[in-house]
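Novice: Chains as they are written, first to last, in UniProt numbering: chain C, 1 to 208; chain X, 1 to 165.
The hints are simulated quantities; they were obtained by calculation from the structure and are not laboratory data.
Hints may contain errors.
[What the hints assert, rightly or not] Taking beta-carbon pairs under 10 Å as the criterion, some of the chain C residues facing chain X (in silico):
hint, residue
1, Ala54
2, Ala60
3, Ile63
4, Phe68
5, Glu86
6, Ala87
7, Lys90
8, Ala143
9, Ala149
10, Gly150
11, Leu157
12, Leu158
13, Glu162
14, Met163
[Stated by the list, open to error] Cβ pair distances, simulated, as ranges:
hint, chain 1, residue 1, chain 2, residue 2, range
15, C, Ser115, X, Gly61, 54 to 62 Å
16, X, Gly20, C, Ser127, 56 to 64 Å
17, C, Gln178, X, Lys9, 48 to 56 Å
18, X, Pro40, C, Met109, 33 to 41 Å
19, C, Ser105, X, Glu60, 34 to 42 Å
20, C, Leu205, X, Glu118, 33 to 41 Å
All of these numbers come straight from a predicted model, not from anything done at the bench.
Beta carbons are placed, not taken as given, at the ideal position from N, Cα and C, and that holds for glycine.
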Amino acid sequence: MDLFKDLEEFKMDVLKEVGNIGAGNAATALSRLLDKPIDMAVPKVQMLPFEAVAERVGGAEKIVLAVFFRVEGDTPGNLFFILSPEAAKKLLHRLAGLKVESEDSFSEMEWSALSEIGNILAGSYISSLADFTSLSMTPTVPALALDMAGAILSYGLLQFGEMGDSAMLIDTTFIEGQHEVEGQFFLIPDPESFAKIFTALGVPLDHD
Amino acid sequence: MIDEQYIVKVGMADLNVIRGQGLIRTTGLGSCVGVTLFDPLLKMAGLAHVMLPSSEIAREGALNIAKYADTALPELVRRLSALGASRGRLVAKMAGGSQMFTFAGTGDSMRIGPRNAESCKAMLSELGIPLLAEDTGGNYGRTIELDCETGILFIRSVQMGIKEL
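Next comes chain X alone, as it looks inside the complex:
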């Protein structure tokens, strides 16, 4: 049963890693983007729940590097490398970045979902990590979990049911 499996939960603006067996999960992605990195040889995975595209806009004292695309992804690579993962083997999948609400006069913050997704992609390509699959955009929320044995990403949403990437 899925409930008996070992599950690592990743909160909003948070990141974590898992190895061996089990699932790494984050719930309720709206405009946020969940990016997973996977080392298929070592059965090791990481997941970041990215909330904002760039740390340049940060005005906080102690920067939460898990929150921004440009800081979360390098940190995730660093964490996985520290556990022995090879950067050359890492592959990425991602989901989220939707536009939950649409208005007539859409300001910049309204497009935050697509911007998050673009920023994560740019960061992945800068890091030289191939993006194998993505399920981004739309106007609905997603819960995702990656199986760290197979690298399969499960995506659940109210409208679309369960998808596998």
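Isolated chain C (complex conformation):
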């Protein structure tokens, strides 16, 4: 798609800001929940070949815990909140006081707590973006999976699949101050959503 052929530095910066605002608000929400400072890395915005997307979380076969949201509204897209299973266990312990009973599996209680945490974080990510852009965006109910990163993330690439072999990914990592809990937000707006985001933020579209 021409829109992505030579996305200028400036537009990349705008998308980074999108990641900054969304993940920044989510990190603040998490920090309140944990009562601990949360640091955020500078968002990475890149057109990534499909193969490289799962590399961002450690490879296609790496087992991750993902909370997935389909974003509906003016600018549809896919949002993933991704944690290592260890980090998820620590988060549950800290937040809900749930004792770790098994390292390899999650109980129904843990599953539902993670889904609620995901909901709060995705809610703050998406609502801050909606405010910032004055566009309507609503996350669906969360869907959780503990599985291979490749199998999970490929689900978010389908919309891009119809038009090429890479996807535009806004990737933001956050780290709890003592590096106990580290997670990632992946926002993958549908290809058609980019023009709307740019227009809403006053970025001129010079493509026909």
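Based on the hints, put chain X in the right spot on chain C.
Specialist: Only chain X this time, still in chain C's reference frame:
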């Protein structure tokens, strides 16, 4: 050891062939389907990691034929035939096509895994290639590898461990 074996890796929306000895592998199949074709006489195999059911929906400039069921499978047959495989001898096995996430209001894209599997099956029957075995559906990811000496397909998943087809 398995690591010392010759392994051909197939990426997402990609296809490749192998002959003689070794394994052909693709990792992290979710809604995608891994289709393997095998010529038992020549010990030759091909694998396609299919992402979408039909190239009719493609809006890309240069079509990646490895990505769609209706274009990837004929191409795989063509590649194997070019190496001397006989179309009449080819047999297929496939895995993947799961529904990783389920939602209340499921749109069309939610059913993409089952649709991929159906489309691959339809294509195989159009090509006249028998489907010997499949492990499709469910809600989990799979890594698969085919041993090109024996034609055995190994399927690994987090929930189910290792299966052999």
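Novice: Checking against the hints above, which ones are violated?
Specialist: Going through the list in order, the structure violates hints 5, 6, 7, 15, 17 and 18 and respects the others.
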